[in-house]
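*Asks:* Listed below, chain by chain, are the residues.
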Amino acid sequence: MERVATTVPTDQRADRRAKTTISGRPIAALYTPADVTAIDYQRDLADPGTFPYTRGLHPTGYAGKLWTMRQFAGFGTPAETNARYKQLLSAGGTGLSVAFDLPTLMGRDPDHELSLGEVGKCGVNVASLADMEALFEGIDLGAVSSSMTINSPAPMIFAMYLVVAEKHGADWRTLAGTIQNDILKEFIAQKEYIYPPRPSMRLITDIFSFCAESVPKWNTISVSGYHIREAGATAAQELAFTLRDGIEYVQYGIDAGLDVDTFVPRISFFFNAHSDFFEEIAKYRAARRIWARVMRDRFKARNPRSWQLRFHAQTAGVSLTAQQPYNNVVRTALQALAPVLAGAQSLHTNSLDEALALPTAEAATLALRTQQIIAFETGVTESVDPLAGSYFVERLTKDLEDEALAYFDTIDRMGGMVEAIERGYPQKEIAESAYRFQQSVERKEKVIVGVNEYAGNHDTPIGTLYIDETAGDVQLEALARIKASRDEARVRSSLDQLKAGAAGRANTMPLLLDAVRAYATVGEMCDALRDVWGEYQEIPVI
Amino acid sequence: MSPRIRVVIAKPGLDGHDRGARVIARALRDAGMEVIYTGLRQTPEQIVSAALQEDADVIGLSILSGAHMHICPRVMALLAEQGLHDVLVVVGGIIPDVDIPKLREIGVRGIFLPGTPMQEIVDFIREHARTRVGAA
Numbered sequence: 001m002e003r004v005a006t007t008v009p010t011d012q013r014a015d016r017r018a019k020t021t022i023s024g025r026p027i028a029a030l031y032t033p034a035d036v037t038a039i040d041y042q043r044d045l046a047d048p049g050t051f052p053y054t055r056g057l058h059p060t061g062y063a064g065k066l067w068t069m070r071q072f073a074g075f076g077t078p079a080e081t082n083a084r085y086k087q088l089l090s091a092g093g094t095g096l097s098v099a100f101d102l103p104t105l106m107g108r109d110p111d112h113e114l115s116l117g118e119v120g121k122c123g124v125n126v127a128s129l130a131d132m133e134a135l136f137e138g139i140d141l142g143a144v145s146s147s148m149t150i151n152s153p154a155p156m157i158f159a160m161y162l163v164v165a166e167k168h169g170a171d172w173r174t175l176a177g178t179i180q181n182d183i184l185k186e187f188i189a190q191k192e193y194i195y196p197p198r199p200s201m202r203l204i205t206d207i208f209s210f211c212a213e214s215v216p217k218w219n220t221i222s223v224s225g226y227h228i229r230e231a232g233a234t235a236a237q238e239l240a241f242t243l244r245d246g247i248e249y250v251q252y253g254i255d256a257g258l259d260v261d262t263f264v265p266r267i268s269f270f271f272n273a274h275s276d277f278f279e280e281i282a283k284y285r286a287a288r289r290i291w292a293r294v295m296r297d298r299f300k301a302r303n304p305r306s307w308q309l310r311f312h313a314q315t316a317g318v319s320l321t322a323q324q325p326y327n328n329v330v331r332t333a334l335q336a337l338a339p340v341l342a343g344a345q346s347l348h349t350n351s352l353d354e355a356l357a358l359p360t361a362e363a364a365t366l367a368l369r370t371q372q373i374i375a376f377e378t379g380v381t382e383s384v385d386p387l388a389g390s391y392f393v394e395r396l397t398k399d400l401e402d403e404a405l406a407y408f409d410t411i412d413r414m415g416g417m418v419e420a421i422e423r424g425y426p427q428k429e430i431a432e433s434a435y436r437f438q439q440s441v442e443r444k445e446k447v448i449v450g451v452n453e454y455a456g457n458h459d460t461p462i463g464t465l466y467i468d469e470t471a472g473d474v475q476l477e478a479l480a481r482i483k484a485s486r487d488e489a490r491v492r493s494s495l496d497q498l499k500a501g502a503a504g505r506a507n508t509m510p511l512l513l514d515a516v517r518a519y520a521t522v523g524e525m526c527d528a529l530r531d532v533w534g535e536y537q538e539i540p541v542i
Numbered sequence: 543m544s545p546r547i548r549v550v551i552a553k554p555g556l557d558g559h560d561r562g563a564r565v566i567a568r569a570l571r572d573a574g575m576e577v578i579y580t581g582l583r584q585t586p587e588q589i590v591s592a593a594l595q596e597d598a599d600v601i602g603l604s605i606l607s608g609a610h611m612h613i614c615p616r617v618m619a620l621l622a623e624q625g626l627h628d629v630l631v632v633v634g635g636i637i638p639d640v641d642i643p644k645l646r647e648i649g650v651r652g653i654f655l656p657g658t659p660m661q662e663i664v665d666f667i668r669e670h671a672r673t674r675v676g677a678a
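Quick note, the sequences are listed as chains X and S, same order. Take the first sequence: its letters are residues 1 to 542, numbered as in this note's numbering. Take the second sequence: its letters are residues 543 to 678, numbered as in this note's numbering.
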């Protein structure tokens with residue numbers, strides 16, 4: 001048997017480390033009733049299912065319905081990913097979540113020069129309707145809900161999904177699923193943008209109004225803190241920037257002439273599930289409280305569904321280590337517990353090998369099993385919001401809320417989130433936090449087991465998924481086949497109409513549906529809009 | 543005092559995950575190096591041209607997307623074409639074990655995987671960057 005290191009940090013070290021959360025938030029060793037005197041139960045917490053929903057959206061928590069176990073997956077060709085989806089569904093997964101490759105995310109076809117070496121590497125490649133048909137072959141889109149992580153080309157990919165659903169005989173009015181469609185966090189954090197912020201916002205409000213009329217059960221946007229956190233934000237910054245992004249979308253929707261209660265109920269959220277257990281729980285609870293109050297008081301929404309913040313959570317990819325990868329199973333399980341204790345609507349758990357590669361089928365199954373163990377063996381789902389009333393948790397919830405509201409003031413003074421982004425404000429705040437965290441790791445003020453402490457030279461090698469170049473070749477051939485077999489004149493005319501509509505005020509969704517039905521590619525549709533709106537260039541700052 | 547080491551930090555390919563590139567750029571600058579960050583989505587041609595224009599001693603490539611086996615050989619070939627044989631090339635990111643020897647073979651000297659301390663990268667560059675004219 002391997003001897004493991006048994007050195008315990010000295011008292012001095014433990015003292016230095018114990019005082020802040022992973023976000024650098026000071027934490028007291030003891031919380032008492034004195035910490036929660038400003039909190040009023042009816043006003044600030046209230047029973048689950050009642051405003052401001054701090055304690056959850058449903059009176060009975062998970063008793064009626066567990067969260068959706070939705071594992072993000074996609075790699076290689078549509079056929080390869082289709083096989084992985086069927087495996088996840090047969091293993092008890094309850095929803096699909098599509099990971100697209102970088103060419104698709106950036107609106108480039110596989111034959112574009114920038115796609116070289118990237119096709120099928122970080123997700124599945126989808127260039128035309130034919131790929132979308134292959135991706136969902138044999139999966140009943142009327143019965144399963146699908147989440148698609150796609151942002152700048154969200155309208156194009158969504159149009160493809162709708163046409164496939166139509167071909168399956170599914171009714172758009174009952175179709176369930178989500179498109180991420182959150183461009184603001186792309187400018188802030190993940191940087192997968194195409195067009196400048198304002199036309200990008202127009203595409204999003206086009207989807208709001210199209211869906212309100214034609215696909216009423218679809219989640220039109222998943223306002224995402226996940227990537228903001230992964231880029232280095234603190235918990236408070238994740239909370240603040242994400243919710244302020246949400247406010248920006250609501251404001252743009254209203255400015256586009258929509259009634260707040262027609263589109264806000266279809267806005268959903270996506271948060272990170274990071275390692276600092278109580279801070280994360282407080283973050284989700286604060287998010288619900290803030291959103292409910294903002295929607296009721298700032299936007300005068302009357303429909304309770306507009307007040308209710310629904311969220312998906314994913315464990316923190318950035319916390320996974322390449323060293324001692326089995327440790328990641330434990331990290332992920334603990335991270336996943338926080339959103340469950342805070343009433344998440346759906347959850348993705350990362351696989352142990354994701355600091356090294358996209359997950360193998362075995363690793364992805366183990367990640368799903370982790371959720372099933374939490375759901376069915378630990379008993380944590382039996383009572384709603386079990387940590388409510390904890391002096392510590394309630395105080396943290398309040399502190400995070402106050403910090404987020406202070407950020408709202410700063411951003412409002414700048415004129416809104418679009419203006420703040422144009423000034424580089426959230427980007428700089430996040431870069432600062434990322435650097436500060438890295439320095440604290442170097443100084444060992446923050447311990448990463450297996451990396452800066454308890455590092456061994458005995459890493460157990462694990463088998464990883466290696467994606468070779470065949471997906472690229474297959475997709476290039478598929479693209480050539482489609483281009484040779486479609487009605488070229490119909491493609492051209494649909495793209496011309498798309499351009500004209502984008503230059504004017506027409507809703508772009510019906511125009512995109514026409515282009516998709518003509519088998520126009522993602523790259524062609526995105527290029528048509530590039531011609532009209534140009535491309536966004538970030539000014540690089542360090 | 544020796545002239546400062548000049549480093550071009552670049553993010554090639556389509557990927558936008560720039561946390562690592564930015565953090566390392568800042569760490570190198572804090573360590574006293576002259577750092578030029580190219581920003582996102584640079585082609586190998588743009589990166590090598592930046593290195594030439596900036597008279598760089600070091601090129602640091604941040605690649606997390608799996609495209610390294612396309613990008614790195616191209617960068618090395620372009621450097622050779624320009625006669626920039628003594629520019630130190632280092633790569634940081636998600637690089638599968640099987641690709642590490644292949645990258646070393648084409649002349650990538652430093653390969654830094656997730657979890658590498660910033661100080662280790664600073665030390666490596668100090669030790670291996672070309673000696674500038676006039677340096678001690």
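Because the hints were derived from the structure by calculation, they are not lab data. Certain hints may be false.
Below, a list of computed lysine to aspartate or glutamate pairs in the DMTMM-like style, where the Cα atoms sit at most 20 Å apart [stated by the list, open to error]: (1) X:Lys-398 with X:Asp-40; (2) S:Lys-644 with X:Glu-469; (3) X:Lys-444 with S:Asp-641; (4) X:Lys-428 with X:Glu-453; (5) S:Lys-644 with X:Asp-468; (6) X:Lys-446 with S:Asp-628; (7) X:Lys-428 with S:Asp-639; (8) X:Lys-444 with S:Glu-596; (9) X:Lys-444 with S:Asp-572; (10) X:Lys-19 with X:Asp-399.
*Asks:* Which of the numbered hints above does this structure break?
*Replies:* 3, 4, 6, 7, 8
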